[in-house]
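Peer 1: Chain residues, written in single-letter form:
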Amino acid sequence: MDDSARRLLQRIMRRIPAQMLKPTLDKWGRLTAAQRQSMDFTESKWALTEKLLAICEENEMTVKHITELEMIHVIENPDHCMWYALQLMDPEEDVHSVELTQFKEQFKSHLRELIRHVSIKIKKHTDEAVWIRIAWGDSFSRPNHLKPTYVVHHLQTPYVFVTSLTSKLKPLLSQALVLSTRYQAIKDASLSGRKLTAIRDLLMRQYQQVFPTKYPSPLAENDQNASNILINKEQAELAASRHQKAREAFGDGMLPQLQSAVYKLETKFRDHTNKTMTEREEAFRCVVKFASTNLLESLRHCASSGIASTPGTSLLSSIPLKGRNYFVITDNSPGPSSQTRQPSN
Amino acid sequence: MSWNEEAQNVGAPDEPVLSTVSVDLRWDADDRHGRLEGGDERQGNWKAPHAPVCHQELLCGSLTPSRQSVVESDGHGGGQQDGKYHIVYNREVLLVGRVHRDRLLAAAGEDSGVLSLLSLLEVQARSRRTQPQQQSRVKELKAKIEALKVQKQQLEAEIETHQNLQKLRSSLDKQCADEEDVEMEEVSENSQLLRLMARHTQLKDLLHAHHLIGGYDVIKTRQGKGVCVSLATAYEGVYLDTYNLEIDLKPTVKISRHNIPPFIPVNGLAEENDMQVNMRAFLDALSQHLNAFAGRKQQLKLLKEQHKSVEVMESNVLCSILVLMFKVPRAKTAVLCTLDYTDHSRCLPTRVHFECEDKQLSDSDQWKKNHSLLMETPVHKALTAMKNMGDIV
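First to last, the protein sequences are chains A and B.
When you line the first sequence up against UniProt numbering, it's residues 1 to 345, in that order.
When you line the second sequence up against UniProt numbering, it's residues 1 to 393, in that order.
Hints listed in this document are in silico derivations from the structure and should not be mistaken for laboratory results.
Treat the hints loosely; a few may be bogus.
Stated by the list, open to error - Derived DSS-like pairs: lysine-lysine, alpha-carbon spacing no greater than 27 Å straight-line: (1) A/LYS124 <-> B/LYS327; (2) B/LYS304 <-> A/LYS27; (3) B/LYS250 <-> A/LYS245; (4) A/LYS108 <-> A/LYS187; (5) B/LYS304 <-> A/LYS123; (6) B/LYS359 <-> B/LYS387; (7) A/LYS51 <-> A/LYS27; (8) A/LYS195 <-> A/LYS322.
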């Protein structure tokens with residue numbers, strides 16, 4: 001087992017939390033029963049790492065096997081790195097007949113054509129997601145396994161999620177993806193976040209959306225029963241309609257956990273009391289960032305508790321509507337027009 | 001602390017005290033209800049209350065915690081005595097006896113909030129201040145009679161219109177069934193309006209019936225500028241997911257939001273069926289696609305539940321491809337079965353393909369029958385049949 005494999009294994013062991021160690025190793029399935037028995041999971045991590053290194057030497061494992069372990073860990077816990085969403089555009093005729101084996105072969109062959117030294121591992125998860133791990137090398141060096149890129153894609157959907165990708169390598173990956181999924185172009189979907197499940201649920205509309213309907217849901221009645229019937233709330237109707245509007249704008253139940261939303265303003269400064277700034281011709285550049293542990297939940301609560309008036313501004317409700325959290329706002333036309341949203345690309 | 005003192009502490013000088021009403025709460029020992037009647041007090045004129053009170057019967061609505069003051073009597077002993085309640089209110093707190101409140105509610109009509117009750121009481125108090133009590137009662141009753149007469153006339157007119165509407169409606173329904181020409185009755189504005197109303201009710205009933213049979217349902221939103229369509233999906237008599245579409249009608253017809261998963265090509269279908277012109281064709285096509293998808297998904301779910309011995313090697317989110325592994329008894333070989341559902345508007349596969357090491361097996365008559373079975377029946381039912389025939393384990 002060479003040096004890079006050893007370093008990779010040490011790094012992986014540092015990342016995996018102590019309680020997840022046993023199940024992850026079991027899932028990996030590369031240790032014999034006897035070896036598994038010999039690992040004492042009550043020891044310190046450092047001791048366990050040494051033990052595992054010894055076992056891997058014994059089994060003559062290569063980097064390929066170690067990367068399997070890393071992949072298993074990342075698939076189980078995808079929330080430790082930043083994920084960026086990409087959208088595939090302009091599908092070709094046969095986009096719906098792309099099936100897994102075809103996609104795998106095509107992707108591997110296209111990427112290998114573009115860059116000689118690259119290590120690709122593709123795995124299909126139970127929820128129909130295809131996970132790809134790519135370790136990049138270049139014409140002169142072997143693939144660097146310490147900085148891999150992970151790609152998640154659901155076949156038949158136009159969305160791809162990637163982690164850390166340098167700008168040099170992005171066009172290569174984009175080309176390989178476009179060719180193997182039978183689309184014509186790929187663009188940045190302006191959505192990023194730490195939690196893969198959150199951005200995926202937002203784009204694939206997996207959270208509970210509320211639509212106006214003739215038949216009210218039984219949940220409303222439950223709320224009424226809970227409170228004391230002797231207490232007459234003066235503004236009960238108003239509160240209920242605010243709740244309904246907030247739910248229609250953002251959704252019901254558990255919302256995808258976005259952490260931030262960024263608005264980049266490139267509009268002219270508008271304030272009648274401040275003549276000097278208003279007279280400037282060029283746009284006033286400003287970046288507004290909203291951050292929270294659960295941004296959509298807090299925005300919904302703003303609207304339903306009456307802090308923000310409903311119907312809320314379309315700038316905030318476009319986060320779940322358009323499925324993005326990076327907006328560039330520019331003026332529609334020069335002159336006394338109201339600010340409108342014109343997202344870039 | 002005496003009551004007078006407490007009364008004076010009420011209402012700091014800068015707080016807007018709108019008016020003072022001293023109310024009579026008659027203690028009715030029989031039904032234990034308090035009745036509230038307006039008194040006649042000016043601001044600052046206090047009387048010591050001495051009535052018992054039944055606290056449970058009082059309904060209190062409170063809003064903001066600040067600036068509320070209530071003066072109550074202490075409840076002593078029983079017996080029928082008149083009690084007087086001093087209330088200094090600035091439109092935020094009211095103690096109301098339940099019976100009187102109901103009367104006021106009836107008078108107030110729909111607006112049954114506490115504030116409206118307060119304003120009604122205020123109006124009553126003011127009006128009683130100006131009129132002597134006995135005469136006003138008679139006048140009140142006379143006015144009430146007039147109002148009731150007017151209401152009766154209105155109701156009679158409504159009943160007549162309704163009856164005319166029913167007649168028109170039944171003739172319209174018959175006309176649709178028999179496809180006869182419309183009988184031109186007197187072409188007055190009234191009859192045209194009635195005709196329009198009858199057609200409107202007919203369309204509403206048609207929409208309701210469509211919703212009941214599991215088709216899509218449409219309601220108006222944004223004051224008529226948009227509609228929201230709910231598409232229900234069902235398979236084998238079981239309702240599955242409902243999908244919603246919000247469509248803007250003005251200024252142009254376009255879809256504003258929906259909760260349809262991205263692998264169903266909503267925009268593609270809208271273009272194909274020219275949603276601007278022929279909304280119904282678009283909705284029908286979309287409904288067909290969604291129902292077919294729900295059907296295929298349900299088949300996969302039932303297959304996994306009912307046939308645990310069959311291994312699902314591959315499937316995808318759209319449920320348009322299914323690869324299964326069968327185990328053949330006695331022969332100890334496995335058969336790989338690929339089902340392609342390339343027509344996304346159908347629940348049945350367009351292509352079935354078997355792969356087996358033993359070439360003779362896949363060419364045998366038995367498996368040719370299985371091939372046609374899988375092409376024509378839903379997959380979970382086909383597998384049950386194949387198991388019964390002993391072809392697979």
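Peer 1: For this structure, which hints from the list above don't hold up?
Peer 2: none
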